[in-house]
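Residue numbers (our numbering), protein chains in the order written: chain A, 1 to 159; chain B, 160 to 466.
Do not rely on the hints blindly, as some may be mistaken.
Said to hold, decoys possible - As a list, the in silico SDA-like pairs of lysine to any residue whose alpha-carbon atoms are at most 25 Å apart:
| hint | chain 1 | residue 1 | chain 2 | residue 2 |
| --- | --- | --- | --- | --- |
| 1 | A | K139 | A | T78 |
| 2 | B | K350 | A | S113 |
| 3 | A | K67 | B | L449 |
| 4 | B | K466 | A | G109 |
| 5 | A | K82 | B | E455 |
| 6 | A | K139 | B | T328 |
| 7 | B | K350 | A | A93 |
| 8 | A | K82 | B | S309 |
| 9 | A | K139 | B | L454 |
| 10 | A | K82 | B | A460 |
| 11 | B | K466 | A | P34 |
| 12 | B | K350 | A | A76 |
| 13 | A | K82 | B | R312 |
| 14 | A | K139 | B | L463 |
| 15 | B | K466 | A | I38 |
| 16 | B | K466 | A | E112 |
| 17 | B | K466 | A | G26 |
Unchecked claim - A few chain B positions that, by computed beta-carbon distances, are all more than 10 Å from chain A:
| hint | residue |
| --- | --- |
| 18 | E290 |
| 19 | E314 |
| 20 | L316 |
| 21 | T328 |
| 22 | E347 |
| 23 | D370 |
| 24 | A394 |
| 25 | K396 |
| 26 | E402 |
Stated by the list, open to error - Just so you have them, the derived chain A footprint on chain B, three or more residues with Cβ under 8 Å:
| hint | region |
| --- | --- |
| 27 | 294–304 |
| 28 | 448–456 |
Hints listed in this document are in silico derivations from the structure and should not be mistaken for laboratory results. Cβ atoms here follow ideal geometry from the backbone N, Cα and C, with glycine treated the same way.
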Amino acid sequence: MMNLGQTRHALAVRAFLLALGLSGCGRPFAVTTPPSMIELEQQTDYAYRAMTPDGVVLGVRVADSGKTDAAFWSQAVTLHMKELSGYAFLATADVATADGVPGKELRFGHDESNRPYQYVVRLFVLGQRLFVVEAGGTKEEMDRARPAVDRAMGSIRLR
Amino acid sequence: MVEAMLETLRYGGSTIARLILLGVLLGACGGAYARMPEPAAPASATAPAPAPAAGLPEPAPYDGFAMADESAPAPASGAGPVFAQLAKGHPSVPAPAKPHAPGSAAPAPATLPGAATEPPPAATAQPPRREALLVYTATLVLAVYQVDVSLSRIEDLARTVGGYLASRTDTSIVVRVPRARFQEALGEVVKLGDVLHRDIEAQDVSDQVVDLEARLRNARAVRDRLAQLLQGASATKDALEIEKELARVMGEIEVMEGKLQLLLDKVAYSTVTVQFQPLRTSDVHAMARLPFPWLEDLGLARLLQVK
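With the rest of the complex left out, here is chain B (with noise of 0.2 Å):
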């Protein structure tokens, strides 16, 4: 069915049918269109997009709107080294204007959705297995002595792996590190103080970026499409028509792709939050305590009571 339609596009009908046709398309975007398989889903793929017309500006980088949602905001500067690597050879994500300063010690996953450029071998009909792009993110709670310390070390802990500062305050801090050095970020964190709390979660964005991708590249195969019908458009009518529904669909792909960029940049770097609060006097005697009054008369609150 969509085949036909996409059929109908390229060969024949009148403007004003292509446009009606473009509609229902975009319309079914993330539909059954956008899951088809991936070497044979993308029209450019074989019928290759001419370049927009003269006067139509490439879509500007996504400048986060869609973000402001989120709670892990990508870094004032533009995303990080990670995600430079995880943006290059992928045609969908927009390079970041500002990339972090760099970090030899930040590799890239292994490998990324839509980074590979050669298309499949012919005799191995399977799509190639992907690594899956996990989100990970962990929530520590520690007693620590001296919590504006223990900050300022998180703060330096997640810059020396290669990451930054995401927010602070007085009681907790939140910081991004490289997703290879995770491990060993959380492994400095404890040694911080006691944990009185530990939750450690890995969610797979796989489907969403899949997804996101299809139909990023459907989406500009319709814009690459409209941007032609345009030129080749001799009513002035038409002509507007064109240009409202490519308004209109660049504005869905600097969307999109900002979702993808923003799900890139939560794979490349793990969100570490650690929330301090002071050592807690044990409510509950669960322990046997030795019969000892001085040792309950120990501690600063004695010892600094003169008279």
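If we strip away everything but chain A, and leave its shape as in the complex, we get (with noise of 0.2 Å):
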């Protein structure tokens, strides 16, 4: 049996965690923000986004999967960058999240000013869900902070 003080204490433990839960924003995802980024607040279109110090910025979104797979918004990706926003497609490869969920990783190339820049997108569905994990910046500061950007999409838990 517990006494007045001790269902306190369980309620006020229950209320921290709800808390705690809700600093999340309501994000249908945990992401665990590396030490070399830092989590940019109040992102309208973003549901997380963080960034280094030299610029890379890594980004999380989440639609509607229209109840397909993420192996159909691979091509839709693929194709869109390609054909109607001038990328270079560079790679694929099979990923997942920290939880297991499967998903597609997208690389690809970009030019800009004589600069070249790349950009990193990886896509999970679950449910009724799409998660658009996205990372870029120049060439060579992503190539500095692949290890960050690369540990930042492997710590998504989509729940």
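Put the complex together from the two separate chains, hints included.
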């Protein structure tokens, strides 16, 4: 039997945990921001966005999956980036979230003002949700930030 | 008519008359005489020319001034290995002064005009069939990521297949590759990016080569005859006239040798021009787009626009 004090303590713990959960702003995913990046607050277009001091940005968006799978969106994104946005398709790979949801990674290249840029997109589908994880920056900075970006992308858990 | 003139040249007439006839013949170098059937054409074949007179130098290898207006200059170090093979046994072509680095993977074309040193068998009156001499040129427009990297890759590729760099700018490159590896080189180049435009041309220069060879043979015969006349000239005036004519003929021979060398180099080495341009963004909405706004927002522009 719990006394009143114990009940209050349990309620407080639950409230704290709830508050902790809510601190993710209702995101349907969890991501760990690596020490070399800072999470940006109040991002309207992105559910999550973080960046390194030298300009490599990581972003996560959540969209309607349209009841289709990651392979479909992988093809759609590739076509869009290549044919409409003028990006060079570099590579693709099978990836998974930290909690084992399979997805696709697409790597693109783009020259802007004679500087090469890299753009990485990971796509995951879970139920009705499509998770679009993006990272980009100049090639030089992306190469440098690659471990941090990979760590952040690999830390994503979908709930 | 021409043969009669030659007879006059060989067996009779005064020195001045011979000179006039020589001038007429030389003027017709590219004309009817030059186009006579090959086995009978060269005067030197029936009357072996004597060695040039002492003090008369052999024509120096052509220095290339006639190539100045050509768009594809010969390599700085001389013609390539294929050209060396082309020129081998080719009496009308001076051997390159400094051949390219030897490349075993650059085989020469199968046959060459004028390369045969043996006369055709008497039984077969028809001239031997020759492989067409084709000058291959390719122009590709590629959309790639990292233009400078692609430029270097093409340069390396050209060297790998036994070719060389002809020119390079920030956004384009011209390489020459051995004809035998032209297709292979093209296959590698198109792997570097998206091909936006492809233009491949094969120009048959067999006629030009045959014509030049015939004109060269004739000019050399005239040169040799002039040298012979010079040896026998007794009057100073005659000798001066002959020397003047001889210099002119030798100049023409050098020009023709240069042209022939250039043509054979173009045959031996195909020209590949690659221009790079950024990947285009589609202006025409020919493709139906998926109606998802986030797709339109994908890309670095939005991602990197932090606030």
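For each hint, the structure was consulted:
| no. | hint | result |
| --- | --- | --- |
| 1 | K139/A with T78/A | holds, 19 Å |
| 2 | K350/B with S113/A | holds, 24 Å |
| 3 | K67/A with L449/B | holds, 14 Å |
| 4 | K466/B with G109/A | holds, 24 Å |
| 5 | K82/A with E455/B | holds, 13 Å |
| 6 | K139/A with T328/B | holds, 23 Å |
| 7 | K350/B with A93/A | holds, 20 Å |
| 8 | K82/A with S309/B | holds, 18 Å |
| 9 | K139/A with L454/B | holds, 23 Å |
| 10 | K82/A with A460/B | holds, 15 Å |
| 11 | K466/B with P34/A | holds, 20 Å |
| 12 | K350/B with A76/A | holds, 23 Å |
| 13 | K82/A with R312/B | holds, 22 Å |
| 14 | K139/A with L463/B | holds, 13 Å |
| 15 | K466/B with I38/A | holds, 13 Å |
| 16 | K466/B with E112/A | holds, 21 Å |
| 17 | K466/B with G26/A | holds, 21 Å |
| 18 | E290 | holds, 41 Å |
| 19 | E314 | holds, 18 Å |
| 20 | L316 | holds, 19 Å |
| 21 | T328 | holds, 13 Å |
| 22 | E347 | holds, 17 Å |
| 23 | D370 | holds, 48 Å |
| 24 | A394 | holds, 73 Å |
| 25 | K396 | holds, 70 Å |
| 26 | E402 | holds, 61 Å |
| 27 | 294–304 | holds (count 3) |
| 28 | 448–456 | holds (count 6) |
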